[in-house]
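Engineer: Here are the chains, one letter per residue:
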Amino acid sequence: MSLESPESNEETLTHNVEFELNGSPERHCVPTSATVLDLLRNSCGKQGVRASCERSVCGACTVLVDDLPVAACSTFAFDVDGARVETVEGLAAQDGTLSAQQQAFRECGGFQCGFCTSGMLMLTTALLRQNPQPEREQIREWVSSNTCRCTGYEMILESVERAAELAGAKQQDQVSE
Amino acid sequence: MRGQKLGAGLIAQSQSALPPFILHRPTSLGEAVALTRQHPEAVIAAGCSDLVAQFREGLEPEVLVSVQRITELRAISNNSGVLSIGSGVSHAEGSRSPEIVSTVPALAAAWGSIATVRIRYRGTLGGNLLSRRYRYEMPVILSALGGQMQFHGGDITALPVSSLWERDSLWDRSLGNVGILTAVTVDTASLLWFGYERSMRPVSTVSLAVRKNPVAGLTVSAVCGSEYRQPFVLSHAAEATDITELDPVSVGQVLAAQLPDEAGDYAGSIDYRRHLVGVLCGRLLAEATGNQRKG
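Top line first, the protein sequences correspond to chains A and B.
So the first sequence is numbered by the numbering used here: it starts at 1 and just counts up by one.
So the second sequence is numbered by the numbering used here: it starts at 1 and just counts up by one.
Only chain A is shown next, with the shape it has when bound in the complex:
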């Protein structure tokens, strides 16, 4: 990269971002100041990524970037150039079968108004990838990253525990098949 040629176009102040979204390649030209939230909702049509506090506090916009949970509202789009991004839309199978996390939240009533649910589901996905059998204390620490304004935290904690059970059972089924 030369100093005379920044990656953004000085006249248009835009930037090309190439990344993988829920397993499919994406390429978009966005303003340099676009956040991942802008990119996903406005350019990619992923409305499941919620816009709320826009200051990395509430976690409603949580998506996974290379398996790690990040606040889409407070991550610039240029930072996901070359990355693997996952949103709630990528959780269910193509035939509509719910993922273990989604199934668990449905079973346990892990949502009320539902606004925080996509963020909670992505947070759960990241946690179970790091630790398939988390203890209640670790679940509590992770869930405390996100805000549920309906205050349904007990059911959310139970949902994450149930998601771990369902994911574990699903994995065992796959092994025995």
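What the hints contain is simulated information worked out from the structure, not anything from laboratory work.
For every residue, glycine included, the Cβ atom is placed at its ideal position computed from N, Cα and C.
Where hints are given, some of them may not hold.
Unchecked claim - Rough simulated footprint, nothing fancy, chain A against chain B, three-plus residues with beta-carbon under 8 Å:
1. 43 to 49
2. 59 to 68
3. 118 to 126
With the hints as your guide, set chain B onto chain A.
Structural biologist: For chain B alone, kept in the frame of chain A given last:
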């Protein structure tokens, strides 16, 4: 509504529309330094979790230099009694680093307790320090440890972390003079014990380190943080030769008495805060005197 510098017209002060900027993403420290000289008013970006909030509070730089691709800034080493932590190290990386866990385990534990899971993966050491928010905890933690910020490419090479709150210091200069924050170093050779108390956050947090003096005696350094006031550095020189000789209650009171009146705020009077800091220092020292490992 407000205007912004680079021709995007009027935009809302908050939510959604952020003013665009000219973006540079250097891959080496040398390149980054050259950019800061070329654009002395540029803003340096790393994890951006705080920076985006600053944008929403009105920051509108014409040029942004993202140092996220500079691998040199993510190095952690421990050589000859000096722990060096790159400014680009994230909270998650720092709190799990084998070098830090083995050298000052309580630093790793304290680092892993700040912010939230999501922010720990994105937020960096450099961002936590240089955003200079009272409520952020790494300045409190590293000031007690005598952390030194290392700069490259400007007219300053090192500054104590505790100087973050000094007036008329580094922070009034342009980026071209300051250069890039590359790392924070901590002298571990003389460190006997370190601990961090955040159970009373946001009202008061306390970090505390005990060091062996070069000739004789011990130095107890404590830093009191809070959501609403800048951190305050407290220090006590003790004639003790061993950490077990320190009296937790009396040393805690000596340290707390040094809190200036301006440490009082709407969440607690200065009397209350001195009492609280005395209790927290005493609690940490009780732990220190019963456990002499580093951290």
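Engineer: Now tell me, hint by hint, if it's right for this structure.
Structural biologist: Outcome of the hint check:
1. 43 to 49: It holds, with 3 qualifying residues against the three required.
2. 59 to 68: holds (count 3)
3. 118 to 126: Holds: 4 residues of the region 118 to 126 of chain B have a Cβ under 8 Å from chain A.
Checked against the numbered hints above, the structure violates none of them.
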